[in-house]
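J.: Sequences listed follow chains A and B, in order. Using our numbering, you'd call the opening residue of the first sequence number 151 and step up by one each time. Using our numbering, you'd call the opening residue of the second sequence number -18 and step up by one each time.
Please keep in mind that the hints were generated in silico from the structure rather than gathered at the bench. All C-beta atoms in this analysis are idealised placements derived from N, C-alpha and C, irrespective of residue type, glycine included. Just to be clear, a hint being listed does not mean it is correct.
Stated by the list, open to error - Below, a list of computed lysine to aspartate or glutamate pairs in the EDC-like style, where the Cα atoms sit at most 20 Å apart:
1. B:376 <-> B:408
2. B:460 <-> B:381
3. A:496 <-> B:67
4. A:598 <-> A:421
5. A:178 <-> A:210
6. B:100 <-> B:300
7. A:178 <-> A:161
8. B:61 <-> B:199
9. B:396 <-> B:377
10. A:234 <-> B:21
11. B:61 <-> A:295
12. A:384 <-> B:21
13. A:384 <-> B:35
14. B:391 <-> B:381
15. A:444 <-> A:488
16. A:444 <-> A:564
17. B:455 <-> B:443
18. A:485 <-> B:403
19. A:528 <-> B:78
20. B:430 <-> B:403
21. A:243 <-> A:262
22. B:55 <-> B:272
23. B:157 <-> B:174
24. B:116 <-> A:489
Said to hold, decoys possible - If you only want the chain A side, here are some residues facing chain B, beta carbon under 10 Å, derived:
25. 213
26. 230
27. 245
28. 349
29. 358
30. 359
31. 386
32. 455
33. 530
34. 557
Each chain, letter by letter, is given below.
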Amino acid sequence: MSSLIEKSLTEIHSLLIAGEVTAVEAVKACLDQIEKTEPEIKALLAKDGENALKLAAEMDKLGPDASKPLWGVPVVIKDVLATKGITTTCGSKILENFVPFYDATSVAKLKEAGAIIIAKANMDEFAMGSTTENSAYQTTCNPHDLSRVPGGSSGGSGATIAAGQCFAALGTDTGGSIRLPASFCGCVGVKPTYGRVSRYGMIAYGSSLDQIGPMTRTVEDSARVLNVIAGHDKRDSTSVDCEVPNYIEALAERTDLSGLTIGLPEEYWGEGLSEEVSEACKNAIKKAEELGAKTVPVKLSMTEYAIATYYIIAMAEASSNLSRFDGIRYGHRSKDADELIDLYTKSRTEGFGDEVQRRIIIGTYVLSAGYYDAYYCKAAQIRRLMRNDFEKAFESCDLIAGPACPTTAFPVGELTADPLQMYLMDIFTISLNLVGMPGMSLPVGIGKDTNMPVGLQLMAPAFGETTMLQAANVLEKSLPDFSKPQQI
Amino acid sequence: MVQFETVIGLEVHAQLKTNTKIFCGCSTQFGKEPNENVCEVCSGMPGVLPVLNEKVMEYAAKMGLATNCIINKKSIFARKNYFYPDLPKGYQISQFELPICEHGHLNISYEDKSGEPCKKRIGVTRIHMEEDAGKNIHSVAENASFVDLNRTGVPLIEIVSEPDMRNAEEAVAYLKSLRSILLYLDICDGNLEEGSFRCDVNISVRPFGQEEFGTRAELKNINSFRNVHKAIHYEVARQIDLIEDGEKIIQETRLYDADKGTTHSMRGKADAHDYRYFPDPDLVPLVIADEWLAEWQAAQPELPAERKVRFEEDFKISEDDADFLTAEKDIADYYEAVLDSYNEPKKVANWIKGDFMKELNQSEVGLSECKFKPEMMATLVEMVDKDVISNKIGKDIFNEIFTAGLDPAKFVKDKGLEQNSDSSSLEAAVDKVLADNPNEVEAYKGGKKKLVSFFMGQVMKETKGQANPGIVSKMIQQKLS
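In isolation and in its complexed conformation, chain B is listed as follows (with noise of 0.2 Å):
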């Protein structure tokens, strides 16, 4: 039977973070009332002309930069001609030939199915600017459609890259790597629910060994990582079985469905369109000084990929919770500012992966709101690692002290929740729990060494958690020897 190949070519908008739009000074806020923020220029009303904002220049040559490549002294705006209502002027102003950035690359680690750790060149064919359309809005009651331009002209790049990707889980590393380095760049809030950060699947299967490409088809509408690769899985089942049966692939766009899992043909709009791209004559060529281009290279953040090596170097943690704590940028902040408190980067870094983060994703909050500060973080681990508290104890409490940012130390201590090391109270329960449980004592002599657990947890339910498991753990075994 052929074995077939996948082939992942991706194309990613980021909407970027400035405080106006593209081409006018009207503001970027999200979740205004519909036209809201809207003027002359972003309506297209009659005789308007764009004017370039250049925070998008400076944050695309900044993406550029990041993802290593070559920021063309002079690019072009053009415009790309179709008709739809949430596009005022009938174009929308992009960049064809000559775009800002071209020839990058990005580096990516993932694992692949079998959880082996796998490293990857991406390629980065272009990075462009352009500017967002509004959104139609289709009201069944009323029986009419409506138009809010409040996202038209929201500055957005697009970042295109090579098709060298060759199954999910490089597709997904890739976006995950993009999405970070933006979040680093501080450009663009890289959400993919919100639709600030959205990315086009273009994808083929081929028989290995083959060297063209077979047809592609261009996947939309898909907001998450999680449906990136379910999307992918059944785009590729798909086009495979359509081969088998002898059938043809058409070059389409099709439209990921969330709920079914599924993907169809969009028909109409986007499909066997003519653009008609050309110069865009309102906006004269782009020329980047060589000045501007040295203090922005001046300025690049450090980003995740350095982060990655001097977390490695410096806290001497393992390349994988490097990774882990660095993907993204808040949490790579806040692991510093705990360890800046509390300089114990194993121990830190596992409550971050752990509890911390289990925590986090629940409260459906970004880092930046949570109330439970890095001083607080580190006081736990602390209190932990100096045997202020069990490790049982700071688990059981981490929720409440997370939820409403509490200072574990005056928690513990109102609570009365230290851990109890005095050997007298401690004797009396253990020697409680043994006189209560006869049968598991005779057992144990007998040899059922695995027991000690047993009696453990007894102790730690009579001292509501609180005995200091390596004094009762002693003190169970001398008692039955």
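Extracted from the complex, chain A is given alone in its bound form (with noise of 0.2 Å):
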């Protein structure tokens, strides 16, 4: 394994600006690493490797430029975002050769700050699931044991991480889809506030859930990278228009976590949790307590109702947000319709996968009329609920902690047949999204008796960032580097 790529993004940047590693040696090094590893892994799809290199050599030739936080720094991006002239098909057949002709805003940001993309990252067909299982293209294996899943949605970007094939990663998470993979595959995962990031060029999902996160090996890498994609958009309504702190200077400013109250929700706590993640959870919280955190209990009544809202608000918003795919403009198209009714049907029955005709069906039925009053407005009426207890428990600590997943990564295929079992893989970080406040998964152990990683959630009140990554960086600090790459 080449020494470079087991460098932290903050790292590699550094040698990058002071010259001693060219923008071509560090795309290099990732290519040789995506080489070596993905006939193993299957984490990217589209690769973009020779442009890669020509803008890299372009880039050295000009020399580097301080000024860009992310200059020379190979990246990748789940394959949920628009890319200009990268072939962009969120995982499902529908979109098999669909190349946008626009960046994602994250994307475009990305590219203004130096970085340079290297692939795509492979994930559940439009975002739906909680494996990778659910690509069109390829399942993603997990770099700690090939044959577990990496987790879900964003596990090409968990994945690539993990095996040490780019120093950073976007991960785009509706219900847990950027903190789930980041525990399974011990890396650091972010799912800013709601509004924070634009989603401008991300396929949408769940419009009024999904925002898009940095995915890497340290604490201070997503920083740096959140700090770059964060801020207000005019071409996205929902982008909150406020000021946003640097996260990374922010970082400098505490050592220890005296004065902080963290929450532990007994709902997070208790039944369902697997040992072992309970176990390495606890042991997180120990040494929070130790660095001078105070911890205290602190109810979120509403969880047990949080899928079931999800799943409705999700798959109401899916079945809307889907439609566009209907084989007339660009797409798979049936190639044997005889009238319009045939070609959408064929269409989009030969282009979408079963979990995702699943969820627009299930998002239909629960927007049609007669039923709307009984699903969709009770759920978003439970949502409001929601974000007052969330609210309310934020009263009494300034972040709350809790495991990011009942389990370690468990083998592939272990749970495709039952989606209801699958879709309670998401109890943890499910309940944020519906409210839109910030998130993230810190790798804080290896299980016991999986000998997987363990991701240790905190959750912080609406544009909370700064107070989470502070803890987080302060905490990782203090326990043994579980992210660095893994051997395959």
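Each of the two chains sits in its own frame; use the hints to bring them together as a complex.
T.: Structure (structure tokens):
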């Protein structure tokens, strides 16, 4: 393994700016690692190595630009984000050869900051799944144990980080899709506050829940990426127009956890939680207390309704969001349709996988006349109650902590036949999307039974990313390094 | 026999005259090559998001203010879901619960079938904002269908009335009034044929005295006020026939066929459709600040109803004339511009209502392109009024000077058309006419006094219409007495 790819983003960036490593060397190191690991991991879809090398060479010619926080850094983008000139499939056959002529805002901002896109990351089709097994192209394997899933839906992004193929990846999180794979792959994954990062160019799943965030090997790396992608975008009406703090500078302002109160919701630490996850997370909480944090019990009594509420809202929105994939203007069009209705039905039946079709059908059902009030309206009401629940909890604490997922990564195929059990994997992550607040998964240990990474989830009030990242940074530095790239 | 009452409610879609589309920066210009005014947003590419053009909200609110609506401080965009090739996202962004304007009304005046002037208040249920769809084009020659997305995302307001109208006259008066207000506000060009002003007619019948409504049909595809009239008459008769035959009216959408003057059922698309409306998560609720509303209110132009009252009071013209002159903003503007040059309101009004409108309607160009400027009109009216030319000459030359935009004074002078009031030359003409028509002179003397107009006509012929009719008439009567 090249020593370069063991560096964190922050380290490689320093070397690049100092001229000790060229952009071409950084890109080559990643491409070599991809060549070596990708046959096993299958984390990536479209690869853009040639263009990446070309761009890196041009950048090297001009010399390092210290004003660019990601100058020369190779990155991978989840395939749900539109990348100009690079095939963007969203993990679906229906967009098999789709090449956007525009960049997602978050992608454009990364480029503007000097990042070099080397590939697109595999994902569950349309971000619907918790394991990446719903990708229409390939199942990504967990670099920590190839027989296990990397989590999902940003499983390609998590695996590419854990395999040392790049220094940062963008993921998206609608119900836990950044935090779950971060937890399973042993990397840092941040879901920002809803509205913190522009969704423009992200192929929508659940528009009121979707948020883009970084997946990296360290907290500081995530802070660096978030600094770049956060902020108001006039092309996204739901992006919030408020000042973006400098998250990196903020990290230096805190060296311990004194004065911080961490809430521990009883609903997250009880039934259904595997013993190894519980133990690793409890150890991390103990460490936080040693570092000066105070812990208090809090109540999130609406947690039991989270999954039902989430699936009504997300599927309702998805059923409408996915209507544009109709075979008329772009994407897969059935070759044997005789009339219009036939064209729609066949194109969509052929183009969408089972899980996507399941969610479209459920979403269509909950919005239909006579059911709308009973499902969608009720779910929207519960969503408001959940927000009250969280706001109340945050009156007595600065952050809330719990496990990111009830278990560590499980074997490929274990839950594919049981969608309900699969949906339960999101139990700890889903509430935050419904209330729009930020959360992250931090690797805090290795499960004693499965020998797989365990992620601790930290949650903060809306736009409280600074405190959350500060605490995670302090905790990370006092724990062993769990996020070194894996030997494959 | 049972007498039936007609119940009509109208839905009007008005295309707003914004420069750019409702949710993206594409031009709204009409007549471009197919798919020229299209970007990733209005073509529904993956991942794109809508951003509201604030002009649309302003225009919608202005229409609401002009129709006495309550402007909701908070309104919500919703998705109306259905599949059609001209709808790229698979849903139309519209408003459902909480539209921008509600609970308004409009006062209309019209003449009923017997010509009696009537007045009525029609309720405006709501006005909401939405995006237009594109156009499907089917080519028989190529055996293929095409989609043009230029119109996709052009802003519309839908104005929904209460079912307050009881006959075609009321319906047309309401539509004309709405259109007039849109033109006064300068937010829609009101063109029925090109589809910038579209109306759907909801229509049902019920026995007089019955309180609940009958089953309604919705008529679409009506592209002129005359056809609104015809379509309503046809549909009322159809529904009454069905009921009298003991059959049931089906709630459905029917298309008007202008060639046949009939309506027929439109199967498929719109019927039995569940649009699954829900709030659009991509657009935050629209909140209208008090100061914006105050600003728009202050900037409201004079509307037709106010202008009509002013015309009656300031110009002392009849209510009918005022009604006619103010119905269209550009006509009213023209009228006032003529008065600026020659302040004879009644006489100018007569010319505008008569020859001017006749020529304008025939010329098929709008008033804005009309070459006959208000000062020219003023000169003409003044020349007739002051006997420089006869009324007849004025009418005779009108087509030519109107079409070419000629100065009437110069035209009359060049052609030597001034009225002849010179008694010696007129006397010669009168004498000639009397000498040429001895039988008629005999008859006149025998008591057929009506023949004076015959002699007048002959003298006019003799003088090429330039004789001063007052002088000639007196002269004839003197000579024959």
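J.: State for each hint whether it applies.
T.: Hint by hint, here is what the structure shows:
1. B:376 <-> B:408: 25 Å, violated
2. B:460 <-> B:381: 37 Å, violated
3. A:496 <-> B:67: Status holds; Cα separation ~19 Å.
4. A:598 <-> A:421: 19 Å, holds
5. A:178 <-> A:210: 13 Å, holds
6. B:100 <-> B:300: 13 Å, holds
7. A:178 <-> A:161: 17 Å, holds
8. B:61 <-> B:199: 19 Å, holds
9. B:396 <-> B:377: Distance ~13 Å between residue 396 (chain B) and residue 377 (chain B) Cα, so the pair holds.
10. A:234 <-> B:21: 12 Å, holds
11. B:61 <-> A:295: 46 Å, violated
12. A:384 <-> B:21: Distance of about 15 Å is within 20 Å: holds.
13. A:384 <-> B:35: 13 Å, holds
14. B:391 <-> B:381: 13 Å, holds
15. A:444 <-> A:488: Not satisfied, since the Cα-Cα distance of roughly 67 Å exceeds 20 Å.
16. A:444 <-> A:564: 39 Å, violated
17. B:455 <-> B:443: It holds: about 17 Å lies between the C-alpha atoms, which stays within 20 Å.
18. A:485 <-> B:403: 89 Å, violated
19. A:528 <-> B:78: Since the Cα atoms of residue 528 (chain A) and residue 78 (chain B) sit roughly 16 Å apart, the hinted pair holds (cutoff 20 Å).
20. B:430 <-> B:403: 25 Å, violated
21. A:243 <-> A:262: 31 Å, violated
22. B:55 <-> B:272: Judged against 20 Å, a Cα distance of about 14 Å means the pair holds.
23. B:157 <-> B:174: Holds, because 14 Å separates the two Cα atoms, which is no more than 20 Å.
24. B:116 <-> A:489: 18 Å, holds
25. 213: Result: violated, 34 Å to nearest chain B Cβ.
26. 230: 8 Å, holds
27. 245: Cβ of residue 245 (chain A) sits 7 Å from chain B, so the hint holds.
28. 349: Residue 349 (chain A) check passes; min Cβ-Cβ to chain B is 7 Å, inside 10 Å.
29. 358: With Cβ-Cβ at 4 Å, under 10 Å, it holds.
30. 359: 8 Å, holds
31. 386: 5 Å, holds
32. 455: Violated, because the Cβ-Cβ distance from residue 455 (chain A) to chain B comes to roughly 20 Å (cut-off 10 Å).
33. 530: 8 Å, holds
34. 557: Given a least distance of 31 Å, the restraint on residue 557 (chain A) is violated.
In terms of the numbered hints stated before, the structure departs from hints 1, 2, 11, 15, 16, 18, 20, 21, 25, 32 and 34, listed from lowest to highest.
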